[in-house]
Amino acid sequence: MAQTLHPDYSFNQALKNDFLKDILTSRARRSLEMEKINSLDQLADYSEKEIMQFQGFGKKTMTKLKKYMKENNRSFNSQIVNKNYE
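Here the sequence shown stands for residues 328 to 413, numbered as in this note's numbering.
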């Protein structure tokens, strides 16, 4: 399930890569970065419901992201899977 960002994390910190730079807002991209999601393959492991729980993701952002993923022959996972392996 999605985790909230660490309270000490600053949204003013520079992003480490340009993943989805032209598609998502900086806030949404930072949320993905904090979840260590930096490729479409990794993103496709999550369900839409899980991604919508991340900060910076709303209907408009999700619509853009779904369109981009479809254009790149990817889709979200239809099953919710616990990603916290221990």
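Heads up, a few of these hints could be off.
As a list, the in silico DMTMM-like pairs of lysine to aspartate or glutamate whose alpha-carbon atoms are at most 25 angstroms apart [to be verified]:
(1) K394 with D368
(2) K363 with E377
(3) K387 with D349
(4) K376 with D345
(5) K387 with D368
(6) K387 with D345
(7) K397 with D345
Source of the hints: derived by calculation from the structure; they are not laboratory data.
Evaluated hints:
1. K394 with D368: Holds. K394 to D368 sits at ~15 angstroms (cutoff 25 angstroms).
2. K363 with E377: holds, 14 angstroms
3. K387 with D349: With Cα atoms ~14 angstroms apart, K387 and D349 stay inside 25 angstroms; holds.
4. K376 with D345: holds, 24 angstroms
5. K387 with D368: Satisfied, since the Cα-Cα distance of roughly 21 angstroms is no more than 25 angstroms.
6. K387 with D345: The hint holds at about 20 angstroms.
7. K397 with D345: Cα-Cα ~19 angstroms, so holds.
Going down the numbered hints, you'll see the structure goes against none, and every one checks out.
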